[in-house]
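Chains as they are written, first to last, in my numbering: chain G, 339 to 453; chain S, 9 to 520.
Hints are computed from structural coordinates only; laboratory data are not their basis. Bear in mind that the values here come from a model prediction, so they are computed numbers and not experimental data. Note that CB positions come from ideal geometry on N, CA and C, so glycine has one too. Don't take every hint at face value.
To be verified - Partial list, computed: chain G residues near chain S (C-beta under 8 Å):
#, residue
1, Met372
2, Leu380
3, Thr402
4, Leu436
Unchecked claim - Dumping the calculated BS3-like pairs for lysine-lysine here, alpha-carbon to alpha-carbon at most 30 Å:
#, chain 1, residue 1, chain 2, residue 2
5, S, Lys113, G, Lys364
6, S, Lys113, G, Lys450
7, G, Lys387, S, Lys204
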Amino acid sequence: MTVYFLCAVLLTMGLYCLVAKKNIVKKVIGVCIMDYAVNLYLIIIGYKKGGIAPIVEPGMSAETLEKFVDPLPQALVLTSIVIGLGVLALMVSMCIRLYERHGTFDMSQISKLRG
Amino acid sequence: MNNVVPLFVALPLGAAFIIPLLGHWWKKSGEVFATAVSAVLAVMAILQIGAPAVVHHMGGWAPPVGIAVVSDGLSVLLLIAINVVGFLCVLFSLRYMTAYTGLPKYYGLFMLMVAGMNGVVVSGDLFNLFVFLEIASIASYALVAFGVDADELEAGFKYLILGSVASVMILFAVGTLYAVTGSLNMADVAREIATKFGGGRPNPAVLLAAGFFLMGFGLKAALVPFHAWLPDAHPSAPAPISAMLSGVVIKSLGIYAICRVFFNVFAVASGGPSAVIIANGMIAFAILSIVIGGLLAVGQWDLKRLLAYSSIGQIGYVMLGIGVGARVLATGGVRSVAALAILGGLFHLINHAAFKSLLFLSSGAIQHSTGTRNMKVLGGIKERMPVTGMTTNLAALSIAGVPPFSGFWSKLIILVAVVKAGHPAIAGIAIAMAFVTLVYYIKLQREVIFGEARGPVMDAREAPALMTVPLVILAVVCVGFGLLYPVIGDRILEPARDVLLNGAEYVKLVLG
Chain G
339 MTVYFLCAVL LTMGLYCLVA KKNIVKKVIG VCIMDYAVNL YLIIIGYKKG
389 GIAPIVEPGM SAETLEKFVD PLPQALVLTS IVIGLGVLAL MVSMCIRLYE
439 RHGTFDMSQI SKLRG
Chain S
9 MNNVVPLFVA LPLGAAFIIP LLGHWWKKSG EVFATAVSAV LAVMAILQIG
59 APAVVHHMGG WAPPVGIAVV SDGLSVLLLI AINVVGFLCV LFSLRYMTAY
109 TGLPKYYGLF MLMVAGMNGV VVSGDLFNLF VFLEIASIAS YALVAFGVDA
159 DELEAGFKYL ILGSVASVMI LFAVGTLYAV TGSLNMADVA REIATKFGGG
209 RPNPAVLLAA GFFLMGFGLK AALVPFHAWL PDAHPSAPAP ISAMLSGVVI
259 KSLGIYAICR VFFNVFAVAS GGPSAVIIAN GMIAFAILSI VIGGLLAVGQ
309 WDLKRLLAYS SIGQIGYVML GIGVGARVLA TGGVRSVAAL AILGGLFHLI
359 NHAAFKSLLF LSSGAIQHST GTRNMKVLGG IKERMPVTGM TTNLAALSIA
409 GVPPFSGFWS KLIILVAVVK AGHPAIAGIA IAMAFVTLVY YIKLQREVIF
459 GEARGPVMDA REAPALMTVP LVILAVVCVG FGLLYPVIGD RILEPARDVL
509 LNGAEYVKLV LG
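Chain G with its partners taken away, still in its complex shape (with noise of 0.2 Å):
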């Protein structure tokens, strides 16, 4: 239980970094924390204790099989740290334009619109 509320605590710190810090760099980084949070989360539904990998070969016991981990969520992290990699790549090419445009990375001295 206490992984799983730490996890949660990653989450509310992204989410405070997203929203409390002006320096743009700054709120990439925590949504980048709030994305391992969620990746974290994923592999702790996964995971097994001394679990191995689930490959099955002729000839293993009931007892083996039943300590494979569960490879669904292993596959789920990856292809979320690839998508979460695209995103951070637009973000920082992102952030790179703007600060070409206004020469400061302070979102209150960017912001124009008004929402």
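Knowing the structure of chain G, use the given hints to seat chain S on it.
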């Protein structure tokens, strides 16, 4: 027909790969491939009308082990909206986008966005839905910032940050559902939820997942209070992209996903766990969106910003119809009332796709010819640009709810259903806000379409034929939806409504 459905994803995805690849040597690759592929997709989508629901097993693996591609009434409704509006936006782009550079990238991203949305709509798997949602979102973040000016970048960055938060929430919800049900196939998850947690007290984990789904998809649909990105992002994008974003992206990524997840997976309709709480949440967001979106639209002087705020309000109407339908079903009310409410919501969804994309494309044509979208300096468009003026006028009348145009009927159906469901106060708010809608579209008419041609409009000429043809087609659709309701209702809307009304049928359809 069974094998056609995956092509809705495969074709645009292939085009999105080929266009930028060839774009190095062949500058026109984007125009050629995007037009061809989107035309084929639009025809394929229209041919799907009336087709029976199909489940395609990818790679021959039957669900719940394999990935299923499902096309039922609700998917077909959205496929038609996405691909027809997509095709018309590509046509409009051919001339409009010549002012920009890097066109192969533009068309590549456009195709990627279409592929993502089609994927969301036909996916039968929660995680696939998330992946396609991300594909469509990433493409649209890049397209919003396509102009790379200060405003575009800022709007794109805001959209990107809030969109990422939404994605995180959706993934969290998907993970939670996987943890409690051990499956990702929507039908299988629905069956597990129904057998494990059906009846009795709501399960906290399922409720948590539902809350995160509602927040995540609500952010993508720009429901108030998650709307902050939309009024910046939609006006900043190039006009065809604004039309896509307001016309179909917020619907397929937001409203469709909410419908599918809550009606088919959480089985709100058959009084599944915590159904009333979810339905109340939907109605609350809907009313907030209608009121706040409508009131903020009145004060806008930027043509596209006004349209963007109006999108928030109109999405609220769609959500209100669906939410009231869900609540009636969840509390065991009269089924015919719920059917009416859901039908009204879906009708308003497809109407809004038609007239809001028409309005955004018209605003693009106006900006193209006059160089401005400031309503204070525009005026008399009707004199100088008769075709654009006429189509804008039709769309404005339609969205404001003037009979006999389509917007009037869909709002009327929603309001009648809300009253019948026993919420006269909510109906009162919705009627009052319908008048506010009328007010800001009369403002648009007065300031932009009618009046004397002045300032930049004096030298304006009618937009080129490639831009006016999509406008005229969409205007015909707007009028047609209003007058030919019996045809559309039977063929497109009622199958879609039945999917939501009989939410549990989905399990039988997919798992056999």
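Hint check:
no., hint, verdict
1, Met372, "5 Å, holds"
2, Leu380, "5 Å, holds"
3, Thr402, "21 Å, violated"
4, Leu436, "5 Å, holds"
5, Lys113/S with Lys364/G, "29 Å, holds"
6, Lys113/S with Lys450/G, "27 Å, holds"
7, Lys387/G with Lys204/S, "26 Å, holds"
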